Amino acid sequence: MKNKSLSFWLFLTPTLVALALVVFIPVLEGLFYSFTNWDGLTFTKVVGFQNYITLFQDKAFINAFWFTVGFVIVTVIMLNVIGLGLALLVTQKFKGNNFLRTVFFMPNMIGGLILGFIWQFIFTQGFQALGNAMHLSWLQNWLTDETTGFWGLVIVTVWQMSGYIMIIYIAYLQNIPNEIIEAAKIDGATAWQRFTKITFPMIAPAFTVCMFLTLSNGFKIYDQNLSLTNGGPYNSTQMLAMDIVNTAYNSGNFALSEAKAIIFFIIVAAISLLQVAYNRKREEDL
Amino acid sequence: MKKNFWKRLGKRVGVIALAAGAAFMLAACSNSSSSGKDVKITILQGKVENNKQFKQIAKEYEKSHPNVKIEVTSIGGGTQYDPVLKTRISSGNAPTIFSLAGPADVKQFKAHEADLSDTKAAKAAQPGTLDAVKNDQGKAVGLPFNVEGYGFVYNKKVFEKAGIDPESLTTVDKLTAAVKQLDAQKDQLGIKGVFALPGKEAWIMSDHLLNLYVAQDYNGNAQKLYKSKTMAFSKNADMKTMLDLQKDYSIKPVMQMDYSAQVNQYFSQGKTAMIQQGDWIYPTVEGIDKNFAKNDIGMIPIPVPGEEGKLPVGTSLYWAVNSQKSTAEQKAAKNFLDWLYTSKAGKKDVVDTLHFVPAYKGYDNYKMKDPLTSVVFKYSQSHETTGWAFPGYTGTSWDPDVAQPNLQKYLSGKQSWDKTVQNMTDGWAKQQKSANN
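Quick note, the sequences are listed as chains A and B, same order. Sequence positions in the first sequence follow the UniProt record's numbering and run 1 to 286. Sequence positions in the second sequence follow the UniProt record's numbering and run 1 to 437.
These aren't lab readings, by the way, just hints derived from the structure by calculation. On a predicted model such as this, the values are computed, not experimentally measured, just so you know. Check each hint, because a few of them may be wrong.
[As the list claims (entries may be wrong)] Just a few of them, taken from the derived set where beta-carbon distance is under 10 Å, the chain B residues facing chain A: (1) Pro-83; (2) Phe-152; (3) Pro-283; (4) Gly-287; (5) Ile-288; (6) Gly-395; (7) Trp-398; (8) Asp-401; (9) Leu-407; (10) Val-421; (11) Gln-422.
[Said to hold, decoys possible] Okay, derived cross-link-like pairs now, DSSO-like style, lysine-lysine, Cα gap no bigger than 30 Å in a straight line: (12) B:Lys-227 - A:Lys-59; (13) B:Lys-134 - A:Lys-220; (14) B:Lys-235 - A:Lys-59; (15) B:Lys-134 - A:Lys-59; (16) A:Lys-220 - B:Lys-59; (17) A:Lys-45 - B:Lys-134.
Beta carbons are placed, not taken as given, at the ideal position from N, Cα and C, and that holds for glycine.
The task is simple: from the sequences and hints, build the whole structure.
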């Protein structure tokens, strides 16, 4: 990249301008506004770190944070376990595995908002009717408290995204050379040994990618949250992204919302990068 | 080096040509309007359900006033309107006429609000309807769209079958007795519950129900409540009685029910005797069952001790005129609003096209089109009304952040009523302390 001639910069300019206009400038502007009392229209004074102090005392934000953390932990584990499980299943040689791939991937083609509404119907009408008919109390009153709201969100997310994670695992599973597996078989390795000692290490890069995707997606989720529970009841299932949006648009507290968004950005970026760095290192070790 | 020269020149020429083209297009865009003394007014308003009607009225007005052009944009749902208006203002594309929801908006957009107290419409406004939109100088900066009212919307057939006259349920005791009687005959009456209380829609409790027990402390004046450092909430025990009554005799589970379940699924299909709602549900009910809507529904006030027989009637949106537009444009905007509410043709549109219950004097000979607005019109004409104080808090963060979650917590049985009241009044005091207004 020594030859940074005029044409080099000319070709780069459109991208740089676009990126600056829609990413860099808004982020910097947002960072600035988070230090003011901006109301979405004007600001009258710079308040320093006041918004950052307020947000750490904001019960709703802290609640949303822990709710989101719990959600991320559960969904990351479930998505990767189920995604890998499905991938292993459909890479076996049997009739109809292509059909199953399509079926498992299908939920991912439906938008999150619509999915949320569909599942809301299933939870509140389907589960209710089933619970009434079979006298199972755990099937009744879904989405009316924090616990069922939490598991409702988990179910919808896992149902939607595991097909996508499956596809990534499939790609890596198919890249494992057959010779290695056969050699292991001849050496007398059991199916479990072949999986833990060969397959799993070979798909470590897929693991890094999927962890990253599920982690950042879990933190940033909004549409399912909106259409399934809308944060209710009593804001107990409000996740970070929704809390940020509501702080701005429902409560009209734009500056505080900006501060929350900055903190949110730092958290997501830090966790995702840490995770990628750690897994990359592990990949090399293997 | 030299080899590349022509190539590079070619590229440069290309870029320059592109830039020139873009500049030309920009110039062409900004140079489209301005011909003669025609005035164009733009309207951005928050009552999205009347979008079609407002556009129709604008066309009609353009016909009778050929030098005025009107462009109507409607943005729905209280929560999305403000950000759009803010964006329009900060991008230099501010509307001439916009809507305000209450005192919080009056404060927020004060740099853009023209004094409307000298308009014909403001002079014709019914007493009290301008209280919520007076600026710091005491001048009215908003004109009410209409007045609306809420209470218990009831199913006439269910009450007839049970032999109860809904109009006689004027006190809490009478209402409670009737509710118990209806509940006992649930199966014969073919209803699933006496009420349908949508626990998911916190605003039904935090805005409409709460208002009944807070408004009296502030004479029903939203502005007064908005400026109050504390919230008295002296009638909270009465609110608990009414909320409990609705909750205990509602179709269950309450916390799963939303607005569409309440209105579309249960009330419109005769599965409940009454619901706490307002005249705005009429189009929805009509959309499901025209005959039912026309013949079989009515509305009674929610009995509040000390205020029996009065319907809470108020305004949810006001027109404002942008003071930063040219004088000609402001004048045209004011003329349009005056025409709409005080001229003969305009009045006809207000009542017949928009189905608005007028917030203005001079509508004595008009008749409302549907049973619910007729009830509101009747109460408002005879001044048997109480005010809406809740616009004094709906625009503040107290409503979504404090009142709604706390009331939902109480409904879910996770929190006692005393704690709920405590949290709500404390939360109000905290907000008002930091809001310096």
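Are any of the numbered hints broken by this structure? If so, which, sorted upward? Hint check: 2, 3, 4, 5, 10, 11, 13, 15, 16 fail, others pass.
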